[in-house]
Every structure is written in C-alpha cells, then in structure tokens.
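Chain by chain, the residues run as shown.
Protein chains: 2
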Amino acid sequence: MSATDPQRITLIGLGTIGMSMAALHLSRENVVVDIFDTRPNFDQYVLNTLPNFLSQDSASADSKPQPSTSSVALLIASGRLHIHTSLETACASATIVQEQGPENLEFKQSLWAQVEALAPLPAHFWTSTSGIAASAQQQKMDNKTRLLVVHPFNPPHIMPLLEIVPSPDTSPERVEFAREYFSIPGSKHRPVVLQKEIPGFVGNRLAFALLREACYLVQEDVVSAKDLDTILMASLGPRWAGNGVFESYQQGGGEGGIRAFLDKLGGTMQAVWDNLGKVNVLGDEETNWKEKVISQVNEAYGALTPGQVREKEERLKDFVETQTKKYGHDSIPEA
Amino acid sequence: MSATDPQRITLIGLGTIGMSMAALHLSRENVVVDIFDTRPNFDQYVLNTLPNFLSQDSASADSKPQPSTSSVALLIASGRLHIHTSLETACASATIVQEQGPENLEFKQSLWAQVEALAPLPAHFWTSTSGIAASAQQQKMDNKTRLLVVHPFNPPHIMPLLEIVPSPDTSPERVEFAREYFSIPGSKHRPVVLQKEIPGFVGNRLAFALLREACYLVQEDVVSAKDLDTILMASLGPRWAGNGVFESYQQGGGEGGIRAFLDKLGGTMQAVWDNLGKVNVLGDEETNWKEKVISQVNEAYGALTPGQVREKEERLKDFVETQTKKYGHDSIPEA
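Respectively, the protein sequence lines represent chains A and B. Under this note's numbering, read the first sequence as residues 4 to 338, first letter to last. Under this note's numbering, read the second sequence as residues 4 to 338, first letter to last.
There could be a bad hint or two in this list.
Identical chains blur together in the list; that is why a pair holds if it fits in one copy or across any two.
[Claimed, not checked] Listed next, the in silico DSSO-like pairs over lysine-lysine satisfying Cα-Cα at most 27 Å (straight line):
| no. | residue 1 | residue 2 |
| --- | --- | --- |
| 1 | Lys191 | Lys229 |
| 2 | Lys315 | Lys267 |
| 3 | Lys329 | Lys191 |
| 4 | Lys329 | Lys229 |
| 5 | Lys229 | Lys293 |
| 6 | Lys191 | Lys147 |
| 7 | Lys315 | Lys293 |
| 8 | Lys328 | Lys199 |
None of these hints come from the bench; they were simulated from the model.
Taking the hints into account, I'd like the entire structure generated from these sequences.
Next comes the structure, spelled out in structure tokens:
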C-alpha cells in the first residue's frame, strides 16, 4: 500500500499536539481520522477545541468565516472523523496508529503492547514523542519492526518539520512509508529521516544548545531576555528561515566557502566554544539562572492570551508560506 | 547633536562588510559618506562594486532598473559620497568614523590612535569588529570614552541587527547616540545595546552554540549537513523569525508559561545538555569533524555563484520585510 492511498489514522491522546495533528491529517481529503482520549466529556471537548485548529489550517483563514462546532459536526457526519471512548474500537480499522500521550516510558510501552493486539496486522505505529526513543517504547511488543518516531514541532498543522526516527529494528519500508506520507505533492510539510536515535533528536538538540547559552547570557546580565529575543529575531531567525546554518556559512566564507569561514573565524569561534555557558535545568547549584530568566520572560511577555497565541501562529504561518511559495519547498524532498 | 541631524560618516575599510555598510548609510538622505581604503585602484573598485549593494538596498529592486556605475558617479557628483586615498582627508570633517578593517588587534589599536589625532573632537568612533572588544582596541587612545562596537550581521544593508557594545569607558551619551542613529523612524534596523563585553557578543555566541552541535551531529552520522539545514529551515528558522527563543517557550509552556515548559521538558533538556557535542575548531584530536562537514557542505551546495548569493540575499530581504511590514519592527525600539 502506498502512503498516497486512502488511509485511516487513529490518533491516541488529543491534547494540544494531538488536536493539531488531527487538523494536519484532516487537511488531506483521502484520510479518515479516528480519535481516542480518556478525558471526561471527550465529545464536547472535541467540538469545542478542534475548530481552533481547523481554522488555522486554512491558508486563507482571513477571508473565510471561522470554522465552528458545525464544521466538526460536518466532519463527523461525513465519516471523515470518528470520536472513540474505547481504544479497541479506535484501533479496529487503522492503517496508521499515532500516539501523542504522556511522555512516560511505562505508559508508552504498555500502550504499544495493547495497540499491537488491537490494530490490523499491516498498520503502521507512529509515536509523536519528543524524548523517548522507539527502541525504548517497543520493549513489550512482539513485532518491533512496526514502530517509529514521527516527532512534530509545535504546532504540527503549521510547522513543516517532522523528524522521522526509526529504532534499529524498524523496517526500512515503514520508514519510507512515513516519509512518503508527509511528502505528498502540495504538502508544506518536510519530513527528515534521522540515521540514528539520539536524545532530543536533532531539532531540539539545536534549539536547546542555543537556549542554554541564552539562559547563561541572561544570568550573566550581558543582555535581558527581551533584548536577546530581539537579537535572535533581527539576525539568526530570518537568516535560518531562508538558509540553513551550513549553507549560511558556506556563503559567509565567500569564494572559499565554509572552509574559509572556519579558517577566518576559527579563533573567535574557539574562544566562544571554550566559554559557552554550562547552566543546568536540574540540580541545585547551577539553576540560579532559572528564576531570573522566568521573571524576565514573564515581565516581557506576561501570560499569553489565546488571541496572542493565535497571532503568533499567524506569524509562523506567514514565514512558512513565504518559504513554501517562493522557494520550492512544496514538492517532494529529495530522498 | 542629535543622531537624526545630518551626519558625515567616514568608513575605513571597504571590503564586503564595508561596502554593505556604505549602502546602509547612503540610504539615509541626510548623511554624507567618506570612504577610505588602501587597496590599489580604489576609485575603480568602488565604481565596480558598490552598485551591487545599492541595488539590493532598494525595497523595490525588482521593478527598478539596476543601479550602475553611473549611480555611484551621481552620488559623487552630488557630494553624497567622497572617495579618499588618504586617512587624513577622509577623517577631516567626520561626525562619525566607522572601521571595518582587518580583525587584528594591533592594526585596530594603531588605527584608532591615528584617527583620534585626525578627526574633529566631537566625532564618534565605531568599530564593526566581530571579535575584538572596544576595551582592547582603545588601549592607545587618549580619550577612551569615544569608542564603541557596532557589530553588524552580514549583510548589514539588509540584516536588521546591530549589536552595540560599549567598553566600560565608553560614555553613555555616545552609546545612546549610536542606538538612536540606527533607530530612526522608517529604519528596518534594530540596534541592541549589550550590558557587558563578552567574546563573540550575543548573536554569534548563540549561532556558534548551535553550530557546534550541528557539526557534532554530522560528525556522529546522525544526520547529513544538508538534512540538518532542512531541519533548521523547517522548524527553528521560521519560529525565530517571528518570535524569540524565550517568547517561543513562554508560548510552549501553555498557561504556565516558560516555567511550566522548563518543568515539563526539564528531563529531556538536561539529558541533551549533558551530552551536547564538544567538537573544537582549533587543535588536532577533536577536529576530525571538519573535513566531513566541509565535504558534505561542498557536495550539497558547491561554490556559490554571485547569482546564488544574490538570490539568498533576496530571501533574507523577504523575511526581514515580512517582519518589518507586518509586525511593527519599523518603529524606534523601546530603550
């Protein structure tokens, strides 16, 4: 079965990421979505919450009436969306099962053992975890070739990246199926397959490396949290929205490319690398930065209102659309 | 004198950054620019090279005829631009002297001692260095209150950020003058004043922290250089083009803000921080990554042609213009 064929996707865990993921899958016309969650009044929660994600998924949200609970009712009536309160019925017809449950190893190990017993034999198993490798989650499964990580960036219905991270046991065909699913022509999503499991995968490792230094610079009073954000938005953000870090330094080195860049800036770079901040998020002594960072961030931005969150997601969508429309990221990436 | 009054700026060192900086200053109608460089045939070099930067500085470059040597000739004829082959005449009438010379401490110390003897007493002294603090450069000056770092990001005529980094001796009035100069209404530039000198300042420290991890991940075969670039462009680039790192995690924590984010992701984050890559750019043993990174980058991108560089700068301009037009970054930042 090809990933471009009609699919029936079971989503387990409908928190913020799950809802956004549901909107992503529902944007594909040949996909039926089954959703399962253990929270009370799940039906009503879906009717209230899902419209927020569906509206943002439209490229022309500004000019259209906002989707309401009636649009969800329509998806249900037309058989595109099924709400389940039993894992058994949710998984019964799945070609893909994707979980966005708690980040807890025991929960996930137990879940996949149950899902394996409930879902049809060919079904693909995807976990949206940001931190627990497939090789750890699969321990209680009989067939370990079916599970892989599909790590989205928040919010997945807008953010193009999906990190596909197989365990050493995952079958190559299932990796390729997931890559193909998110690469269909017209998709703004850009799946990337990692060659090895590693804590934090790649995107968050890069983000956390930068965040650690950011926290250190605030702790050391070099710059305020808000000014640091301005610096990032006024330089590296737009640079990396248009070109990757390696491509940027290939350009930065002029005719000699990245080799010339590393030669020329090597002294400054090593000086920086030798004294990058070593703040820790856990433990006592090295966490003094936390209260300073948290209070400066709260002072700068306050608690974000739903309207502000919506505005931030619109910004993100603007930049993603500039990428996809102008720079050809809307076709199938090279394998 | 206010920074919005007419200024006469002497630029010393007209390499790529210097040319771009000249274009930045020439975009302001009440600024006269004097340029000085020791390279042979400096006049002809300016006539050949500066038009490339002037054309890119126009927001509507697509619809206008490309500036040619005649536009530079016009700037000269109208008295907006003066080409000098003597430091003495270049500095004689300056209200601001800005250097983009070699990144060499002795050169800069010697230069500022000379400039101090040549320029009018009120003139402001700015260094575009990316690595040598004002407190080191000022050692041979009589009056150490006049010099500060104005660190641009490449290319400064497009990139909004200017890091203003005073030495402990720089007068606060001169810091405020520089901040005000780059903050005039309508400017797309966003100056940020750092509170302390630190190697690499802030922007490059953040970039180099991420780059170090990027090199490590390529070295470890987790991901190719090109796929890593795709990951960055498909996630963190557009996120940080619209929102800073702290603001993003304030959002990522939901109602609990960045505190909830640090609580929830603390385990994964610490695991990542504990094993971030420690590659070095200098020294023997830990530089094995260099040839692998360089060869993958060369294979992915090749040597960039002038046309490709121009295209990349157009991308950058697109993202910067989306920021400035839609999100109100075109007004004077808060002090």
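Each hint, compared with the structure:
1. Lys191 x Lys229: between (31 Å within a copy, 18 Å between copies)
2. Lys315 x Lys267: between (38 Å within a copy, 22 Å between copies)
3. Lys329 x Lys191: Both ways: Lys329 and Lys191 sit 12 Å apart in one copy and 22 Å across, limit 27 Å.
4. Lys329 x Lys229: Intra 31 Å, inter 19 Å, cutoff 27 Å: inter-copy only.
5. Lys229 x Lys293: within (15 Å within a copy, 35 Å between copies)
6. Lys191 x Lys147: neither (30 Å within a copy, 54 Å between copies)
7. Lys315 x Lys293: So Lys315 and Lys293 pass the 27 Å test inside one copy only (24 Å; across, 38 Å).
8. Lys328 x Lys199: neither (32 Å within a copy, 41 Å between copies)
Violated hints, listed in ascending order, are 6 and 8; each of the other numbered hints is respected by the structure.
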